[in-house]
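Trainee: Listed below, chain by chain, are the residues.
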Amino acid sequence: MELQTLTFIVVSMTFMVYIGIAIWARAGSTSEFYVAGGGVNPVANGMATAADWMSAASFISMAGLIAFMGYGGSIFLMGWTGGYVLLALLLAPYLRKYGKFTVPEFIGDRFYSKTARVVAVLCLIIASVTYVIGQMKGVGVAFSRFLEVDYNTGLMAGMGIVFVYAVMGGMKGITYTQIAQYCILIVAYTIPAIFISLNLTGNPIPQLGLGSMMTGTETYLLDKLDQTVTELGFAEYTTNSRLSHLNMFVYTLSLMIGTAGLPHVIIRFFTVPKVKDARTSAGYALLFIALLYTTAPAVSAMARMNFMNTMEPAPGEYLAYEDRPSWFKKWETTGLLGFEDKNGDGLIQYTSNAETNEMVKVDRDIMVLANPEIAQLPNWVIALVAAGGLAAALSTAAGLLLAIASAISHDLLKGVFKPDISEANELMASRLAMAGAIAVAGYLGFNPPDFAAGTVALAFGLAASSIFPALMMGIFSTRINKEGAIAGMLAGITVTLLYVFQHTGIMFVAETAFLGDLPPNWFFGIEPNAFGAVGAVVNFGVAYLVASMTKAPPEDVQELVESIRVPIGAGKAVDH
Amino acid sequence: MSNNKEMAHAYWKENLKLIWILMIVWFVVSFGFGIILVDVLNTIQIGGYKLGFWFAQQGSIYTFVVLIYVYSHQMAKLDHKYQVEEE
Numbered sequence: 053m054e055l056q057t058l059t060f061i062v063v064s065m066t067f068m069v070y071i072g073i074a075i076w077a078r079a080g081s082t083s084e085f086y087v088a089g090g091g092v093n094p095v096a097n098g099m100a101t102a103a104d105w106m107s108a109a110s111f112i113s114m115a116g117l118i119a120f121m122g123y124g125g126s127i128f129l130m131g132w133t134g135g136y137v138l139l140a141l142l143l144a145p146y147l148r149k150y151g152k153f154t155v156p157e158f159i160g161d162r163f164y165s166k167t168a169r170v171v172a173v174l175c176l177i178i179a180s181v182t183y184v185i186g187q188m189k190g191v192g193v194a195f196s197r198f199l200e201v202d203y204n205t206g207l208m209a210g211m212g213i214v215f216v217y218a219v220m221g222g223m224k225g226i227t228y229t230q231i232a233q234y235c236i237l238i239v240a241y242t243i244p245a246i247f248i249s250l251n252l253t254g255n256p257i258p259q260l261g262l263g264s265m266m267t268g269t270e271t272y273l274l275d276k277l278d279q280t281v282t283e284l285g286f287a288e289y290t291t292n293s294r295l296s297h298l299n300m301f302v303y304t305l306s307l308m309i310g311t312a313g314l315p316h317v318i319i320r321f322f323t324v325p326k327v328k329d330a331r332t333s334a335g336y337a338l339l340f341i342a343l344l345y346t347t348a349p350a351v352s353a354m355a356r357m358n359f360m361n362t363m364e365p366a367p368g369e370y371l372a373y374e375d376r377p378s379w380f381k382k383w384e385t386t387g388l389l390g391f392e393d394k395n396g397d398g399l400i401q402y403t404s405n406a407e408t409n410e411m412v413k414v415d416r417d418i419m420v421l422a423n424p425e426i427a428q429l430p431n432w433v434i435a436l437v438a439a440g441g442l443a444a445a446l447s448t449a450a451g452l453l454l455a456i457a458s459a460i461s462h463d464l465l466k467g468v469f470k471p472d473i474s475e476a477n478e479l480m481a482s483r484l485a486m487a488g489a490i491a492v493a494g495y496l497g498f499n500p501p502d503f504a505a506g507t508v509a510l511a512f513g514l515a516a517s518s519i520f521p522a523l524m525m526g527i528f529s530t531r532i533n534k535e536g537a538i539a540g541m542l543a544g545i546t547v548t549l550l551y552v553f554q555h556t557g558i559m560f561v562a563e564t565a566f567l568g569d570l571p572p573n574w575f576f577g578i579e580p581n582a583f584g585a586v587g588a589v590v591n592f593g594v595a596y597l598v599a600s601m602t603k604a605p606p607e608d609v610q611e612l613v614e615s616i617r618v619p620i621g622a623g624k625a626v627d628h
Numbered sequence: 259m260s261n262n263k264e265m266a267h268a269y270w271k272e273n274l275k276l277i278w279i280l281m282i283v284w285f286v287v288s289f290g291f292g293i294i295l296v297d298v299l300n301t302i303q304i305g306g307y308k309l310g311f312w313f314a315q316q317g318s319i320y321t322f323v324v325l326i327y328v329y330s331h332q333m334a335k336l337d338h339k340y341q342v343e344e345e
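Taken in order, these protein sequences are the chains called H and G. Converting from the first sequence to our numbering requires adding 52 to each position, the first position being numbered 1. Converting from the second sequence to our numbering requires adding 258 to each position, the first position being numbered 1.
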């Protein structure tokens with residue numbers, strides 16, 4: 053009970069900070085803040101981008117997944133950072149130079165077609181809504197634990213808060229709120245990691261602790277972990293591949309190009325003053341992200357270690373169910389952790405064998421939140437982690453909802469269907485769109501297709517297969533025309549959706565799965581979450597083929613492409 | 259005018275070359291060292307880390323940060339060389 057009160061206090065304090073900043077930023081600055089030319093400093097923008105980017109998937113879910121995947125979990129680490137290289141080198145500077153407010157707007161102009169814009173909006177909405185489902189899963193897990201209720205009730209509480217937050221804070225001032233959220237989430241993530249690293253290895257830097265020896269022994273942490281897990285019949289931690297190297301390759305690629313294709317991240321680079329700043333801003337964003345991403349693998353390995361040691365304190369000596377620690381009981385009430393005494397001896401046998409394993413449910417998404425409790429850290433650290441997880445989920449949800457809302461109100465309504473819409477109605481439409489997106493994502497979140505990070509990976513696959521190729525071809529080729537781009541986007545996202553839905557059901561409703569007689573992962577052993585990269589290849593291929601059979605884009609569009617490649621304005625002459 | 263266009267093309271060509279070089283490094287440290295060659299590199303041990311595992315979970319990320327820094331630094335120089343900097 054004491055922990056719960058403390059958590060409420062810490063969480064409410066952070067919320068007050070966000071609200072305070074939102075009010076201050078709104079009052080203190082004028083409309084210039086909102087215009088692309090507004091002076092958001094690249095460092096500040098990098099920090100806000102990092103918060104926008106790092107969601108419940110990064111904060112709550114990822115390390116827990118890696119803890120049980122071992123080396124195979126590297127797909128998330130490389131995939132969700134490597135995409136920034138693509139952004140900085142291939143997209144951000146040119147999209148900044150073009151200087152429009154939404155991604156579909158660029159696609160519509162570059163491919164001189166309203167149809168292309170509508171298709172881009174559709175792809176954006178499908179990817180973003182899937183992404184929000186992942187956030188909802190994370191928020192639901194966090195709330196279920198701290199309200200000590202089951203997951204579904206936790207999810208409903210989370211939906212309510214996200215709704216209030218997005219509609220209220222979703223307007224101006226969001227950048228500064230996100231800076232505060234970054235600070236809170238990075239502190240909340242690293243403090244327990246430092247504590248645990250000190251406990252286990254005596255080294256306060258988790259990145260080094262992971263490669264150090266266990267305190268008081270001559271054994272390296274990773275070697276000890278390998279030994280512990282293999283003794284119980286699990287795969288070796290440091291070499292356990294994710295299905296196959298080919299699958300890992302495709303999965304990583306899919307996350308990388310998905311990163312560079314997600315509209316809520318790309319939009320961030322429109323807010324810096326110059327093309328040059330777009331490049332450096334991507335660098336700062338990745339630096340801030342890397343702080344968390346290089347800490348995460350240490351958290352994973354150490355959490356797994358502590359978890360195994362709690363379950364089986366000495367070889368062959370199992371924890372008695374009677375003596376289970378309080379975090380175990382708390383997580384049991386959420387329904388995310390489950391024990392079944394199969395042999396009736398009152399001991400918890402945790403093994404790799406499905407027949408005899410008595411830990412029948414260990415939801416990976418609970419690991420980061422449970423980690424400080426498992427390691428017996430002070431209560432304020434545990435409360436801080438809860439606040440950090442919520443900061444991560446809220447900042448991303450707000451960014452995504454804004455992207456969805458602007459796509460519907462700005463691109464669809466104002467841009468295509470109802471150009472004479474009044475500003476008030478446009479605003480109303482965007483609020484309705486936000487509410488609709490939360491409702492749909494929340495509803496689908498009751499039966500999420502995967503763990504939070506897995507669901508988010510799906511969203512990346514969808515962005516990878518549709519938006520990224522269109523943007524890249526729009527910049528690097530003058531030959532791709534509207535027919536090519538439209539056919540490419542449709543082909544890419546369709547192929548990806550079909551491969552995903554045949555397993556999970558249409559829009560993840562299980563009853564509608566149409567797998568037929570095909571085994572899972574039938575395409576070269578590639579899993580659906582990783583399929584975005586294949587979809588992207590299809591997109592590129594179809595676009596080139598169709599474009600080569602139809603006529604080249606008009607002169608002025610080709611000139612537009614030439615002009616976005618150079619930072620200086622097209623009108624200005626180069627003076628020698 | 260045509261001079262401008264030539265300059266713009268030369269600038270773009272240099273930019274593309276830089277992108278290619280950096281993308282090759284990007285590919286090698288992540289897909290190369292972290293996935294394709296991971297088993298080979300894992301035979302080398304650095305402290306408690308197997309080298310392939312280190313690249314997959316640490317090294318590739320550090321390299322990505324450096325790559326973006328190098329790109330924005332080099333491009334700033336290139337912008338200056340071709341005098342295409344913004345005000």
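Possibly wrong hints are sitting among the right ones.
[Stated by the list, open to error] Quick list of in silico lysine-lysine cross-link-like pairs, BS3-like style, CA-CA up to 27 Å: (1) K335/G to K326/H; (2) K263/G to K276/H; (3) K335/G to K381/H; (4) K339/G to K326/H.
I should point out that these hints are in silico values taken from the structure, not numbers from a laboratory.
Trainee: Hints first: check each against the structure and report whether it holds.
Mentor: Structure-based check of each hint:
no.	hint	result
1	K335/G to K326/H	holds, 15 Å
2	K263/G to K276/H	violated, 62 Å
3	K335/G to K381/H	violated, 60 Å
4	K339/G to K326/H	holds, 18 Å
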